[in-house]
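Participant: Listed below, chain by chain, are the residues.
2 protein chains.
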Amino acid sequence: MPPSSTWTLHAQLQKDTIDIGDLPLSRVLVIKDANYPWLMLVPRRADTVEIIDLDEVEQGQLMTEINRVSRALKEVTKCDKLNVAALGNMVPQLHIHIVARRKTDAAWPRPVWGVMPPLAHDAAEVQTFISELRRKIWLG
Amino acid sequence: MPPSSTWTLHAQLQKDTIDIGDLPLSRVLVIKDANYPWLMLVPRRADTVEIIDLDEVEQGQLMTEINRVSRALKEVTKCDKLNVAALGNMVPQLHIHIVARRKTDAAWPRPVWGVMPPLAHDAAEVQTFISELRRKIWLG
Numbered sequence: 051m052p053p054s055s056t057w058t059l060h061a062q063l064q065k066d067t068i069d070i071g072d073l074p075l076s077r078v079l080v081i082k083d084a085n086y087p088w089l090m091l092v093p094r095r096a097d098t099v100e101i102i103d104l105d106e107v108e109q110g111q112l113m114t115e116i117n118r119v120s121r122a123l124k125e126v127t128k129c130d131k132l133n134v135a136a137l138g139n140m141v142p143q144l145h146i147h148i149v150a151r152r153k154t155d156a157a158w159p160r161p162v163w164g165v166m167p168p169l170a171h172d173a174a175e176v177q178t179f180i181s182e183l184r185r186k187i188w189l190g
Numbered sequence: 051m052p053p054s055s056t057w058t059l060h061a062q063l064q065k066d067t068i069d070i071g072d073l074p075l076s077r078v079l080v081i082k083d084a085n086y087p088w089l090m091l092v093p094r095r096a097d098t099v100e101i102i103d104l105d106e107v108e109q110g111q112l113m114t115e116i117n118r119v120s121r122a123l124k125e126v127t128k129c130d131k132l133n134v135a136a137l138g139n140m141v142p143q144l145h146i147h148i149v150a151r152r153k154t155d156a157a158w159p160r161p162v163w164g165v166m167p168p169l170a171h172d173a174a175e176v177q178t179f180i181s182e183l184r185r186k187i188w189l190g
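If you're matching them up, the sequences are chains R and G in order. Quick note: the first sequence, position 9, residue 59 per the numbering used here, numbers continuous. Quick note: the second sequence, position 39, residue 89 per the numbering used here, numbers continuous.
I should point out that these hints are in silico values taken from the structure, not numbers from a laboratory. Be aware that one or more of the hints could be misleading.
Put simply, identical chains are the same to the list, so a pair is met inside one copy or across any two.
[To be verified] Listed below are the simulated EDC-like cross-link pairs for lysine to aspartate or glutamate, each with C-alpha atoms no more than 16 angstroms apart in a straight line:
| no. | residue 1 | residue 2 |
| --- | --- | --- |
| 1 | Lys65 | Asp105 |
| 2 | Lys82 | Glu125 |
| 3 | Lys186 | Asp172 |
| 4 | Lys153 | Glu175 |
| 5 | Lys131 | Glu100 |
| 6 | Lys131 | Glu175 |
| 7 | Lys128 | Glu100 |
| 8 | Lys65 | Asp97 |
| 9 | Lys82 | Asp66 |
| 10 | Lys82 | Asp130 |
| 11 | Lys82 | Glu115 |
| 12 | Lys128 | Glu115 |
| 13 | Lys65 | Asp103 |
| 14 | Lys131 | Asp103 |
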């Protein structure tokens, strides 16, 4: 990759998500799929594909942000299990999935990727979800 | 879960893996599946299901160990992509998958879980792989 000083959210992630705010390192996004409460953290660092591309301080901050967002998601959803994953086989920009799983969801116990076509959110429900999350994460 | 002071590796993980040594927090395991170079970290903390069940110091140490093991795996395999994931929908004991992916592997670009039946390792090949990994990770 050519060196670059400017981070911008990958076009595919922009299309698939709702921006709910920034933590010190990462943008926090909601995936547009009502099958599961599904968040994403994207570290705002250009040319970063793997967790190991972050330096040690950034890696520590990423874990802090995974912890905060995971706790908020669990509190808001009362889910049965959290799934946390950095895959990136389709979209190379480093992004971390944080998914609230229920034993009754459409993919359980399989991972969520590729199982169900995305389901559109109810506009009011997703706004309530985002408001609760923003309060728990202490975003803005 | 009842409180417990003694950690032991979950029976299913014990069955599916080869123990290659301990880092300060986690046991390092190789998954018995030759479809992909596939490692696992299991923090040696009893009654721990989620990353958020670890305290902040343990979370930081987990990230340090993910970084070290990921770097070693990438150097040994020259893989195209790393997949790092804490899922735990089947086995509740906290465990982190670190998988070396190639664009030519059997599941690419899908995640590896549930795609291919496990393939037995060649005994000599897996021993070479483990020796190289142990040297890179600086395991004993």
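Participant: None of the hints should be skipped; say for each whether it holds.
Facilitator: Hints versus structure:
1. Within a single copy, lysine 65 and aspartate 105 get their C-alpha atoms no closer than 28 angstroms, and across copies no closer than 35 angstroms, so neither meets the 16 angstroms cut-off.
2. In this homomeric assembly, lysine 82 and glutamate 125 never come within 16 angstroms of each other (Cα to Cα): the closest approach is 20 angstroms inside a single copy and 36 angstroms across copies.
3. When the C-alpha separation of lysine 186 and aspartate 172 is checked against a cutoff of 16 angstroms, the pair qualifies neither within a copy, at 21 angstroms, nor between copies, at 49 angstroms.
4. Taking identical chains as interchangeable, the C-alpha atoms of lysine 153 and glutamate 175 are never at most 16 angstroms apart, the minima being 21 angstroms within one chain and 39 angstroms between chains.
5. For the identical chains of this complex, lysine 131 and glutamate 100 are inter-copy neighbours only, at 8 angstroms across copies versus 24 angstroms inside a copy, given an alpha-carbon limit of 16 angstroms.
6. In this assembly of identical chains, the alpha carbons of lysine 131 and glutamate 175 never lie at most 16 angstroms apart, being 21 angstroms within a copy and 36 angstroms across copies at closest.
7. In the homo-oligomer, the alpha carbons of lysine 128 and glutamate 100 lie at most 16 angstroms apart only across protomers (14 angstroms), although the nearest pairing inside one protomer, at 30 angstroms, exceeds that limit.
8. When the C-alpha separation of lysine 65 and aspartate 97 is checked against a cutoff of 16 angstroms, the pair qualifies neither within a copy, at 19 angstroms, nor between copies, at 39 angstroms.
9. Proximity of lysine 82 to aspartate 66 under the C-alpha cut-off of 16 angstroms is restricted to the intra-copy arrangement: shortest distance 6 angstroms within a copy versus 35 angstroms between copies.
10. Within a single copy, lysine 82 and aspartate 130 get their C-alpha atoms no closer than 21 angstroms, and across copies no closer than 28 angstroms, so neither meets the 16 angstroms cut-off.
11. Within a single copy, lysine 82 and glutamate 115 get their C-alpha atoms no closer than 21 angstroms, and across copies no closer than 32 angstroms, so neither meets the 16 angstroms cut-off.
12. Proximity of lysine 128 to glutamate 115 under the C-alpha cut-off of 16 angstroms is found in neither arrangement, the shortest distances being 19 angstroms within a copy and 29 angstroms between copies.
13. Within a single copy, lysine 65 and aspartate 103 get their C-alpha atoms no closer than 25 angstroms, and across copies no closer than 33 angstroms, so neither meets the 16 angstroms cut-off.
14. In this homomeric assembly, lysine 131 and aspartate 103 come within 16 angstroms of each other (Cα to Cα) only across copies, at 12 angstroms, whereas the closest approach inside a single copy is 28 angstroms.
When the structure is compared with the earlier hints, violations turn up for hints 1, 2, 3, 4, 6, 8, 10, 11, 12, 13 and for no others.
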